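Based on these hints, arrange chain B on the given structure of chain A.
2 protein chains.
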Amino acid sequence: MLTVDDARARILADATPLGAETVPLGLARGRVLARDVVARRTQPPQAMSAMDGWALRSVDLAEGHRTFRVNGEARAGEGFGGDVGPGEAVRIFTGAPVPPGADLVVIQEDTRVTGHHDSGAPAAVEITGERADAEAGDNIRPAGIDFQTGAVGLQAGRGLEARAIALAAAMGHPWLPVHRRPRVAILATGDELARPGEPLGPDAIVDAVSPCLTALFADAGADVVDLGIAPDARDRIDAQIAAARGADLLVTIGGASVGDHDLVQAALLAAGAEIDFWKIAMRPGKPLMYGRLSGMPVLGLPGNPVSAYVCSLLFALPLIDRLSGREPRDAASERLPLAAPVAANAMRQHYMRARLLRDGDGAETVLPVRDQDSSLLSALADADALILRRPHAPAAEPGELVDILRLDRLD
Amino acid sequence: MLTVDDARARILADATPLGAETVPLGLARGRVLARDVVARRTQPPQAMSAMDGWALRSVDLAEGHRTFRVNGEARAGEGFGGDVGPGEAVRIFTGAPVPPGADLVVIQEDTRVTGHHDSGAPAAVEITGERADAEAGDNIRPAGIDFQTGAVGLQAGRGLEARAIALAAAMGHPWLPVHRRPRVAILATGDELARPGEPLGPDAIVDAVSPCLTALFADAGADVVDLGIAPDARDRIDAQIAAARGADLLVTIGGASVGDHDLVQAALLAAGAEIDFWKIAMRPGKPLMYGRLSGMPVLGLPGNPVSAYVCSLLFALPLIDRLSGREPRDAASERLPLAAPVAANAMRQHYMRARLLRDGDGAETVLPVRDQDSSLLSALADADALILRRPHAPAAEPGELVDILRLDRLD
Numbered sequence: 001m002l003t004v005d006d007a008r009a010r011i012l013a014d015a016t017p018l019g020a021e022t023v024p025l026g027l028a029r030g031r032v033l034a035r036d037v038v039a040r041r042t043q044p045p046q047a048m049s050a051m052d053g054w055a056l057r058s059v060d061l062a063e064g065h066r067t068f069r070v071n072g073e074a075r076a077g078e079g080f081g082g083d084v085g086p087g088e089a090v091r092i093f094t095g096a097p098v099p100p101g102a103d104l105v106v107i108q109e110d111t112r113v114t115g116h117h118d119s120g121a122p123a124a125v126e127i128t129g130e131r132a133d134a135e136a137g138d139n140i141r142p143a144g145i146d147f148q149t150g151a152v153g154l155q156a157g158r159g160l161e162a163r164a165i166a167l168a169a170a171m172g173h174p175w176l177p178v179h180r181r182p183r184v185a186i187l188a189t190g191d192e193l194a195r196p197g198e199p200l201g202p203d204a205i206v207d208a209v210s211p212c213l214t215a216l217f218a219d220a221g222a223d224v225v226d227l228g229i230a231p232d233a234r235d236r237i238d239a240q241i242a243a244a245r246g247a248d249l250l251v252t253i254g255g256a257s258v259g260d261h262d263l264v265q266a267a268l269l270a271a272g273a274e275i276d277f278w279k280i281a282m283r284p285g286k287p288l289m290y291g292r293l294s295g296m297p298v299l300g301l302p303g304n305p306v307s308a309y310v311c312s313l314l315f316a317l318p319l320i321d322r323l324s325g326r327e328p329r330d331a332a333s334e335r336l337p338l339a340a341p342v343a344a345n346a347m348r349q350h351y352m353r354a355r356l357l358r359d360g361d362g363a364e365t366v367l368p369v370r371d372q373d374s375s376l377l378s379a380l381a382d383a384d385a386l387i388l389r390r391p392h393a394p395a396a397e398p399g400e401l402v403d404i405l406r407l408d409r410l411d
Numbered sequence: 001m002l003t004v005d006d007a008r009a010r011i012l013a014d015a016t017p018l019g020a021e022t023v024p025l026g027l028a029r030g031r032v033l034a035r036d037v038v039a040r041r042t043q044p045p046q047a048m049s050a051m052d053g054w055a056l057r058s059v060d061l062a063e064g065h066r067t068f069r070v071n072g073e074a075r076a077g078e079g080f081g082g083d084v085g086p087g088e089a090v091r092i093f094t095g096a097p098v099p100p101g102a103d104l105v106v107i108q109e110d111t112r113v114t115g116h117h118d119s120g121a122p123a124a125v126e127i128t129g130e131r132a133d134a135e136a137g138d139n140i141r142p143a144g145i146d147f148q149t150g151a152v153g154l155q156a157g158r159g160l161e162a163r164a165i166a167l168a169a170a171m172g173h174p175w176l177p178v179h180r181r182p183r184v185a186i187l188a189t190g191d192e193l194a195r196p197g198e199p200l201g202p203d204a205i206v207d208a209v210s211p212c213l214t215a216l217f218a219d220a221g222a223d224v225v226d227l228g229i230a231p232d233a234r235d236r237i238d239a240q241i242a243a244a245r246g247a248d249l250l251v252t253i254g255g256a257s258v259g260d261h262d263l264v265q266a267a268l269l270a271a272g273a274e275i276d277f278w279k280i281a282m283r284p285g286k287p288l289m290y291g292r293l294s295g296m297p298v299l300g301l302p303g304n305p306v307s308a309y310v311c312s313l314l315f316a317l318p319l320i321d322r323l324s325g326r327e328p329r330d331a332a333s334e335r336l337p338l339a340a341p342v343a344a345n346a347m348r349q350h351y352m353r354a355r356l357l358r359d360g361d362g363a364e365t366v367l368p369v370r371d372q373d374s375s376l377l378s379a380l381a382d383a384d385a386l387i388l389r390r391p392h393a394p395a396a397e398p399g400e401l402v403d404i405l406r407l408d409r410l411d
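Those protein sequence lines, which keep their order, are chains A and B. The opening position of the first sequence corresponds to residue 1 in UniProt numbering, with each subsequent residue numbered one higher. The opening position of the second sequence corresponds to residue 1 in UniProt numbering, with each subsequent residue numbered one higher.
Isolated chain A, as found in the complex (with noise of 0.2 Å):
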């Protein structure tokens, strides 16, 4: 049997990210840079005032002038248009050009404007606050101090979230050039399915796992192709196989083992594609087939609802991840004390579903929910986290620290 770190590497292996397209900045969010983005202008663009206040010399306040003629205003997005001379002050708002021969903001809360012009305009104002400290540069930002024309503001590879989305617009790109979207088809088997709110035979149940798995793959950044469900009839699987052609991925529920009515395997052998089948070992999930359909691969995923469901989690996800330009999602654990006891593992890795209590103090601790047979729905509804016990690790009591997969970080 293969360890689930081995199948994930072997799957990991083959696949290499998706080509470029360009999207819109406004449709950009959660994709990943296909290439490095560089600034294409400079950001401020000139010196900006970081204060409401007057713009004028340090040196005429180094040689002890408090009082200034009023010259003019610069606000945000309209400067001065002139020069500060000796002497001379400009009204200056936050985020406006700093006129050419000013060097220094003072701030408004240490100046008092002593004249006016006839149209109610400052004439002249005077410093009242303490400004011994005050030095060229005080309360303003120097151009370029984010970014400068050319520098690499993001590099590729880079997830696209608010904060890349900001400085992308800030560098002047209304395009983004990201890697395309996994198309990612999604095939169910099995004579006793239907869809939710479809007629039900008294033998039939409903298709649980496909639903979950769309939302669980789109959810990754992945277009999801519903193919629908076959029944255990070769020619309809066959059909399917083919409506597949196309996809980044192909990925299929249930009929993949080598039983009497498992047709998926013979199917995608059938159609050309080279099948690995592996037994790996943990639960639940144990049987998976992953192979190659002309260079498409395919991950065939147990039918079962908790075993498809956590096998997507540490299978298929970290693939949609690889495909999308992602680092692939780990498992990555952390350890948190057991509430209740549990009893030795055998030889497969096995993830329990569990719960995460709080208790007064805000301390957290696992609690395995009591029933771990892995068709139970609603216990996995109800489940926050997985404990992760290892092949062969020893009962442990409460109190115990043990692995656990945060489901709310993966899914």
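Derived by calculation from the structure, the hints in this document are not laboratory data. Check the hints yourself; a few may be wrong.
[Stated by the list, open to error] Computed footprint of chain A on chain B; a stretch qualifies when at least three of its residues, placed anywhere within it, have a C-beta under 8 Å from a C-beta of chain A:
#1 187-197
#2 365-376
[Said to hold, decoys possible] Result set (SDA-like, lysine to any residue): computed pairs, CA atoms no more than 20 Å apart in a straight line:
#3 K279/B to E109/A
#4 K279/A to A50/B
#5 K279/B to N139/B
#6 K286/B to N139/A
#7 K279/B to M51/A
#8 K286/B to M51/A
#9 K286/A to M51/B
#10 K286/A to N139/B
From a predicted model like this one, the values you see are computed outputs, not experimental measurements. Note that CB positions come from ideal geometry on N, CA and C, so glycine has one too.
This is chain B only, laid out in the frame that chain A set:
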């Protein structure tokens, strides 16, 4: 000055979840249930086999029978159709209904077919494994073990991640009642602003805040209405505020203080808004406007991009959560050792941009970025955490623990 916690509490005190709408299961991901969802069916609908094997009567095994007459087959989606009598066995596959009479499934690996019909179908099967411990119920999932018709499977207020979608599907729901997505209108103001890619005068800068907040709010589940950039002219601002009617939240950017060129507050008051203008004891982001216009909450953010971003994390995202029916996210902090010294803090709570570092052993430390100027989008894009420095916190040395907020869990 208000504390951050007080400001957050005041904003949330006014807000309640938006009304319900019905969405298809396939569009419900990320939404929040507005009502309890009750199982419309029992799962499994009948006792089902958990394994491939043979269904038979435990009493036969207890009486020492080891060879059984095969009288048919039960598959997933197609039951056997008859009863299992004394000395009889039915070939059964995983997920198939257990036929009446049988109360046990012996797994395939513990059996051997010992006779065939002319058709090739098995006629007799021998139990070869050690079955001394076999009990009624072995390898059978009883009817209703996952859920029974009428049970509340998912409660109002539950967020619909992939696991909850799976359970809703299994319970037979093609449609779900969810809270409406908040419609959030964004209005930027300032003569100096232009959209990315538009022509820029020498005194102009690019509006990076609107695209940033659009991404941030969309990630939080809002429908964003971008009202564009209004110049510093009252009639234009008035018109855009009128255009925000019907939104569930109006977020303005810039122009919200009481400076000579700050017109947003005046325009909101003229439109009939009740406005509080708060100085919040935080940086970046001291000035925050909060009010209500005909019942619609209005948040007035500073024009500075980093301030607008941090204020959005702390105040806008929790409000969007509440409107969406979700528990408002808390900037729940964890503590990490400093990688460099930090100075004593003054009276305002300081959110320092910082990078998470990981040493060879995987232990994390946190390094403040060098320049904490709130105009630097490049520093914000480089940051992956904020260090929370409380008012009057003393200077701290490398290795001392500080509170941090991980940006990847907030934005």
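Comparing the hints with the structure gives:
no., hint, in the structure
1, 187-197, "holds (count 7)"
2, 365-376, "holds (count 4)"
3, K279/B to E109/A, "holds, 16 Å"
4, K279/A to A50/B, "holds, 18 Å"
5, K279/B to N139/B, "violated, 66 Å"
6, K286/B to N139/A, "holds, 17 Å"
7, K279/B to M51/A, "holds, 16 Å"
8, K286/B to M51/A, "holds, 13 Å"
9, K286/A to M51/B, "holds, 13 Å"
10, K286/A to N139/B, "holds, 17 Å"
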